[in-house]
Amino acid sequence: MNIVMALEMAAECHPDRIAVTSGTQRLSYAELLHAARTAGNLIRDSGCRYVGLLDINSCAAPVAIFAAAYAGVPYVPMNYRLTKPELEELLARIAPAFLITDPCYVEPLSLPVGIRVAAREDFLAQVRSGDAQMTEAPGTPSAVAVQLFTSGTTGAPKAAVLRHENLMSYILGTVDFAGAEESDATLVSVPPYHIAGISAVLSSTYACRRMVQLPNFDGAAWLKLCRDESVSNAFVVPTMLSRVIEHLAESGESGALPVLKAIAYGGGKMPPQVIEKTMKIWPGVDFTNAYGLTETSSTICLLDPDDHRTAFDSTDPDIRKRLNSVGKPLGTVEIEIRGTDGKPVAANEVGDVYVRGGQVSGEYLGVGSLLDAEGWFPTRDRGYLDRFGFLYLDGRADDVIVRGGENISPGEIEDVLREHPAVSDVAVVAVADEQWGESVAAVVVLRDQARASVSELQDWVKQRLRSSRVPTSIHFRAELPYNEMGKVLRRVLKDDFRSAVRAS
Amino acid sequence: MKTLKAGTRLKSAICDTEVMVIRTRPAEMLLCCGGIEMIAMDGGKSAGQPDPAFAQGTLVGKRYVDEQDTTELLCTKGGKGSLSLDGQVLAVKQAKALPSSD
Numbered sequence: 001m002n003i004v005m006a007l008e009m010a011a012e013c014h015p016d017r018i019a020v021t022s023g024t025q026r027l028s029y030a031e032l033l034h035a036a037r038t039a040g041n042l043i044r045d046s047g048c049r050y051v052g053l054l055d056i057n058s059c060a061a062p063v064a065i066f067a068a069a070y071a072g073v074p075y076v077p078m079n080y081r082l083t084k085p086e087l088e089e090l091l092a093r094i095a096p097a098f099l100i101t102d103p104c105y106v107e108p109l110s111l112p113v114g115i116r117v118a119a120r121e122d123f124l125a126q127v128r129s130g131d132a133q134m135t136e137a138p139g140t141p142s143a144v145a146v147q148l149f150t151s152g153t154t155g156a157p158k159a160a161v162l163r164h165e166n167l168m169s170y171i172l173g174t175v176d177f178a179g180a181e182e183s184d185a186t187l188v189s190v191p192p193y194h195i196a197g198i199s200a201v202l203s204s205t206y207a208c209r210r211m212v213q214l215p216n217f218d219g220a221a222w223l224k225l226c227r228d229e230s231v232s233n234a235f236v237v238p239t240m241l242s243r244v245i246e247h248l249a250e251s252g253e254s255g256a257l258p259v260l261k262a263i264a265y266g267g268g269k270m271p272p273q274v275i276e277k278t279m280k281i282w283p284g285v286d287f288t289n290a291y292g293l294t295e296t297s298s299t300i301c302l303l304d305p306d307d308h309r310t311a312f313d314s315t316d317p318d319i320r321k322r323l324n325s326v327g328k329p330l331g332t333v334e335i336e337i338r339g340t341d342g343k344p345v346a347a348n349e350v351g352d353v354y355v356r357g358g359q360v361s362g363e364y365l366g367v368g369s370l371l372d373a374e375g376w377f378p379t380r381d382r383g384y385l386d387r388f389g390f391l392y393l394d395g396r397a398d399d400v401i402v403r404g405g406e407n408i409s410p411g412e413i414e415d416v417l418r419e420h421p422a423v424s425d426v427a428v429v430a431v432a433d434e435q436w437g438e439s440v441a442a443v444v445v446l447r448d449q450a451r452a453s454v455s456e457l458q459d460w461v462k463q464r465l466r467s468s469r470v471p472t473s474i475h476f477r478a479e480l481p482y483n484e485m486g487k488v489l490r491r492v493l494k495d496d497f498r499s500a501v502r503a504s
Numbered sequence: 001m002k003t004l005k006a007g008t009r010l011k012s013a014i015c016d017t018e019v020m021v022i023r024t025r026p027a028e029m030l031l032c033c034g035g036i037e038m039i040a041m042d043g044g045k046s047a048g049q050p051d052p053a054f055a056q057g058t059l060v061g062k063r064y065v066d067e068q069d070t071t072e073l074l075c076t077k078g079g080k081g082s083l084s085l086d087g088q089v090l091a092v093k094q095a096k097a098l099p100s101s102d
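In the order they appear, the protein sequences are chains W and B.
The first sequence: position 147 = 147 (UniProt numbering), numbered continuously.
The second sequence: position 48 = 48 (UniProt numbering), numbered continuously.
No wet-lab data here; the hints were simulated from the structure.
One or more of the hints may lead you astray.
Simulated pairs of lysine-lysine, DSBU-like, Cα-Cα distance not exceeding 35 Å [unchecked claim]:
id: 1; chain 1: B; residue 1: 96; chain 2: W; residue 2: 321
id: 2; chain 1: W; residue 1: 269; chain 2: B; residue 2: 96
id: 3; chain 1: W; residue 1: 280; chain 2: B; residue 2: 96
id: 4; chain 1: B; residue 1: 96; chain 2: W; residue 2: 224
id: 5; chain 1: B; residue 1: 62; chain 2: W; residue 2: 261
id: 6; chain 1: B; residue 1: 93; chain 2: W; residue 2: 328
id: 7; chain 1: W; residue 1: 343; chain 2: B; residue 2: 96
id: 8; chain 1: W; residue 1: 277; chain 2: B; residue 2: 96
id: 9; chain 1: B; residue 1: 5; chain 2: W; residue 2: 158
id: 10; chain 1: W; residue 1: 328; chain 2: B; residue 2: 96
id: 11; chain 1: B; residue 1: 96; chain 2: W; residue 2: 487
id: 12; chain 1: W; residue 1: 328; chain 2: B; residue 2: 80
id: 13; chain 1: W; residue 1: 261; chain 2: B; residue 2: 96
id: 14; chain 1: W; residue 1: 343; chain 2: B; residue 2: 5
Quick list of the computed label-pair ranges, beta carbon to beta carbon [claimed, not checked]:
id: 15; chain 1: B; residue 1: 30; chain 2: W; residue 2: 96; range: 45 to 51 Å
id: 16; chain 1: W; residue 1: 132; chain 2: B; residue 2: 94; range: 33 to 39 Å
id: 17; chain 1: B; residue 1: 30; chain 2: W; residue 2: 132; range: 32 to 38 Å
id: 18; chain 1: W; residue 1: 334; chain 2: B; residue 2: 70; range: 17 to 23 Å
Don't be surprised by glycine CBs; every beta carbon is placed ideally from N, CA and C.
With these hints in hand, go ahead and build the complete structure from the sequences.
So, in structure tokens, the structure goes:
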């Protein structure tokens, strides 16, 4: 079981179908297979132990994923937005490595010993025209296919390890081989270093679906590419969908996308207002909410298009709220919610989300496997299953505020503050408290021209939630710090509170 | 006769068919393609044609299961022979369609 099997099957069944379109460049499945085998040879001969990718999306990304498998070494895409010291540290961790990159990303760096740089365009030209001698991928199903440095919103990056058997278990469990129509095209706007960027390549390849890459996302460019390339499917993170509908509202442009059949979203919490607006704009589009983690080889739960429509059309609050759910587990994985005693809890009770299945790796380099004796992986997400079996998430376990022994989820306080007419954005974090251990603090972004005092916002929360939920301190900021996947950097906000305490 | 294992890949001895075992039961069985026992990926091919009783062909990407649904194979390369387990021809499994999530 090796990820190259997906490409070999696609190239045999649909050799001339376009695999990837990136600007003016394109590769058919036969060309992608040829380039991956040629590059695999080159990498193996170089003696490198990793294939790194430090770049935006291009045809080189799918080539590199499969080339690493042919060379029998892990593929390591890295975030090009990291700082110079961060990148130098990651590169030192993977040397000796074959690094595919745009020279603009490596020029400012002091490269560690053992990094062999291959400029993206030269690399592509070389492997497209070269002689593909290699045909078999080496190694066993348990060999490492991909190593991803986690985003580290709360600490230093850890290297999550995904084996061929994990990734192929996900693909074989969720994708119908050659299930795509000749005319189908999926728009890939997530960066190559995100798990969704990896699964986009593997799923599309196995479905024999054309990938259309959008390397630098903005709402207008996304809409234009949907039209220009007759896009039928797209995956977005919630922030991207917000930007698209904001752009439509501001520009007055028509949102008509007659060819678009389906939008899948994931990678963060979808605000209910955004999905409801989006469903109104495109009533004919199938929406799927996909919940997954890097450590689970992408999606483990789906809220499918029928679930979306049922919830959207319902006036029953128990069904309507499904638009906030991440759906039900895939047939090939199991989900369990556990309480503080480690035992499964009843329906509707919030606890820690555990997952088990062949696609779950749950393993970090240098740390080992986090799976328990029965194979369950602690996702560190909090959540509950309702009586219908739908999973609702309630933030990260690490973000829970423990105030005098009481567990408080930032999400419920953020939801209440976001309803305040003057509030445009908000994040709630834990701060150290002498009396309670931890207490609730909020960082608020006000709308343009709007005003609200600290005491007014505290009263707003007090009227709606228990008194323990009222933020003891509130800071105002012009905007919240987000990473490029739309996740709030809570660590930065906590540091702000800490330094404010020290300064006073 | 062989005990199969999930993840194992095998090829036909007499046509282009290749398969991967998706799931199976822990027992010795005779897995054939074209009526001849399937071999390891690095094994040598035999001359000859598929037995006409086992010559309906295989299609790449299709899943094949036995009647008791204990064993499932994924065809990774199509060929002229049909797959059979202990003499029983395997049937194509109907795919369950999941929405694309990435």
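Now for the hints, and whether the structure bears them out:
1. B/96 - W/321: holds, 27 Å
2. W/269 - B/96: Judged against 35 Å, a Cα distance of about 28 Å means the pair holds.
3. W/280 - B/96: It holds: about 29 Å lies between the C-alpha atoms, which stays within 35 Å.
4. B/96 - W/224: holds, 33 Å
5. B/62 - W/261: holds, 25 Å
6. B/93 - W/328: Judged against 35 Å, a Cα distance of about 24 Å means the pair holds.
7. W/343 - B/96: Distance of about 33 Å is within 35 Å: holds.
8. W/277 - B/96: holds, 30 Å
9. B/5 - W/158: It holds: about 33 Å lies between the C-alpha atoms, which stays within 35 Å.
10. W/328 - B/96: holds, 16 Å
11. B/96 - W/487: Holds - the C-alpha atoms of residue 487 of chain W and residue 96 of chain B are around 33 Å apart, at most 35 Å.
12. W/328 - B/80: violated, 40 Å
13. W/261 - B/96: Answer holds: residue 261 of chain W to residue 96 of chain B is near 19 Å, not above 35 Å.
14. W/343 - B/5: Distance of about 33 Å is within 35 Å: holds.
15. B/30 - W/96: 45 to 51 Å: holds, 47 Å
16. W/132 - B/94: 33 to 39 Å: holds, 36 Å
17. B/30 - W/132: 32 to 38 Å: Since residue 30 of chain B and residue 132 of chain W have Cβ atoms about 36 Å apart, the given range 32 to 38 Å holds.
18. W/334 - B/70: 17 to 23 Å: Cβ of residue 334 of chain W to Cβ of residue 70 of chain B: about 21 Å, so the range 17 to 23 Å holds.
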